[in-house]
Amino acid sequence: MALSPGDTLKLQDGSGWQSVRLTGVYQDITNGGRTAKAAGGLSCGNPIWVTVNLDAAPGGAPEQIIADFKTAFEGLRAYSMSDYSAQTLGPTLASLGVAVRASLIVSTVVVALIAALFTGVLLTRDAGPNAVLRALGAPGALVRNQYLVRLLALLSAGVVIGAVLAGTAGEAVTGALMSILGAPRISFCANPLISYLACPAALILAVAAATAAAGQGGAKPRAHTALRTD
Amino acid sequence: MTPLLTATELAKDYQARAAMPVPALRNVSLAVQPGDCVTIMGPSGCGKTTLLNCLSGLDSPSSGTVVFDGQELTGLPEKTLAAIRLRRIGFVFQHPAFLPALSLLDNIVLPGFLAGSARAEVVARARRLAAATGIADLVDRNISQVSGGQLQRAAICRALVNNPVIVFGDEPTGALNRTAAAEVLGLLSDANRDGATIMLVTHDVRVAARSRRVLAMADGAIIAEHRFEPLSDSAGLGAREKQLSSWLPGVGL
Chain A
1 MALSPGDTLK LQDGSGWQSV RLTGVYQDIT NGGRTAKAAG GLSCGNPIWV TVNLDAAPGG
61 APEQIIADFK TAFEGLRAYS MSDYSAQTLG PTLASLGVAV RASLIVSTVV VALIAALFTG
121 VLLTRDAGPN AVLRALGAPG ALVRNQYLVR LLALLSAGVV IGAVLAGTAG EAVTGALMSI
181 LGAPRISFCA NPLISYLACP AALILAVAAA TAAAGQGGAK PRAHTALRTD
Chain B
1001 MTPLLTATEL AKDYQARAAM PVPALRNVSL AVQPGDCVTI MGPSGCGKTT LLNCLSGLDS
1061 PSSGTVVFDG QELTGLPEKT LAAIRLRRIG FVFQHPAFLP ALSLLDNIVL PGFLAGSARA
1121 EVVARARRLA AATGIADLVD RNISQVSGGQ LQRAAICRAL VNNPVIVFGD EPTGALNRTA
1181 AAEVLGLLSD ANRDGATIML VTHDVRVAAR SRRVLAMADG AIIAEHRFEP LSDSAGLGAR
1241 EKQLSSWLPG VGL
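In order, the protein sequences belong to chains A and B.
Using our numbering, the letters of the first sequence correspond one by one to residues 1 to 230.
Using our numbering, the letters of the second sequence correspond one by one to residues 1001 to 1253.
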């Protein structure tokens, strides 16, 4: 349904069909996509409930205000915004949390696997030069560390570029993708400690472990094999 | 005199998966004195390279012992063997086997850097060796910009840059033309004259003629040894080549 603010929409209530004018269209992931709001016109009789959002004055104590409202109005259910969010979006937020944690684990494992495979390919390609190094007496750690340094440099560049892209185009791209699910305007609420410290540290540890494990093979004393002449 | 290198009843089997072990060395014993120049000859596949690898700590024998400069190599951890190869042993391979990303000079100084020598000292030593081997003007080039003979000279510089007590050469002239091979052999002879012990594997009687002892190998075992009288002048080389050419068929090679 292609409607925009200012359009007229016909709705049926207890007294028949009524024309209402849209005042806004809002994303609402809990309502399958979007919620349209209209001003006046409908006769609702006695509503089941009415939701009223209030902003506390600067310096006000929300918990005290909630207690005051409950005392003043019998049957009123007053909640803080965090409780209200948990009640209305709780399952959605929990699902998102699980999805985020799962994606972190999966991406870390995938990065480690790619690092291990990449190291294996490099070791195969560099078998000759590595055999020279080993024959000359280079320690195995030197052979291993050259790959560790290369992959960690690559990872660091990737993390920096990824952070910059996420901070600039990330919201727009994610919004475009999430618009399919009815959430076109996505705002990232990044925790700097997690986004810029914990996640890169997890990736660095995963890549270092995978590269070191894959590099064990290349550091083994097989110099004679690659240098054999008869 | 205490031998620099002693091998006692060396045996080496190559074991392919689910196959019978293939014997590459069988009961090989030899002793090399300091300053000696020894050549190992034999047909392809007779175990020459395997013997060289076991003697130099590049490979470990299946049984038997190798004692180098008073230290038994068999059973040493790879880290210790690597340190011995780095500081006390030089290698010259048939194919020069340089690191393609480095210049000729960087390749020559690499063992010095790996051994922790001071940069200025090892670069000066490398330049001296390059001058002595006639490649002083080429050392800043990439390895793809020099000929095979020049690369092999650089390989000799690299083998000598840490002042090794012994230099192992596996077909060091195998990929060179006659002129370049003669130059490379001259350089190895010079190193031997300066005190380095040389041990070479070759099929070429011209290479073997420059050594003092020739060991003949067949089927993984040393089957005969020939010792030359001291070389008096360059004309003697031709006579040595003739000696070898008549000796080798007599021992079945």
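Read the hints as simulated data drawn from the structure, not as lab findings.
Check before you lean on any hint, since a few could be wrong.
As the list claims (entries may be wrong) - SDA-like cross-link-like pairs, simulated, lysine to any residue; straight-line CA separation at most 25 Å:
| hint | chain 1 | residue 1 | chain 2 | residue 2 |
| --- | --- | --- | --- | --- |
| 1 | B | Lys-1079 | A | Asp-68 |
| 2 | B | Lys-1079 | A | Gly-170 |
| 3 | B | Lys-1079 | A | Arg-150 |
| 4 | B | Lys-1242 | B | Arg-1206 |
| 5 | B | Lys-1079 | A | Val-110 |
| 6 | B | Lys-1079 | A | Ala-127 |
| 7 | B | Lys-1079 | A | Ala-169 |
| 8 | B | Lys-1079 | A | Ala-208 |
| 9 | B | Lys-1079 | A | Gln-146 |
| 10 | B | Lys-1079 | A | Leu-122 |
| 11 | B | Lys-1079 | A | Pro-129 |
| 12 | B | Lys-1079 | A | Asn-145 |
| 13 | B | Lys-1079 | A | Asp-126 |
| 14 | B | Lys-1079 | A | Ala-72 |
| 15 | B | Lys-1079 | A | Arg-125 |
What the hints assert, rightly or not - Now the stretches of chain A that chain B is said to cover, found in silico as 3 or more residues with beta-carbon under 8 Å:
| hint | stretch |
| --- | --- |
| 16 | 62–75 |
| 17 | 100–112 |
To be verified - Anything over 10 Å on all C-beta distances counts as not near chain B; from chain A, calculated:
| hint | residue |
| --- | --- |
| 18 | Trp-17 |
| 19 | Thr-51 |
| 20 | Met-81 |
| 21 | Leu-96 |
| 22 | Val-132 |
| 23 | Leu-133 |
| 24 | Arg-134 |
| 25 | Ala-135 |
| 26 | Leu-152 |
| 27 | Leu-155 |
| 28 | Leu-177 |
| 29 | Cys-189 |
| 30 | Ala-190 |
| 31 | Leu-193 |
| 32 | Ala-202 |
| 33 | Gln-216 |
For each residue, glycine too, the CB sits at the ideal point set by N, CA and C.
### Query
Which of the numbered hints are not met once you compare them with the structure shown?
Checked against the structure, the hints that fail are numbers 1, 2, 5, 7, 14, 16, 17, 22, 23, 24, 25, while the rest are satisfied.
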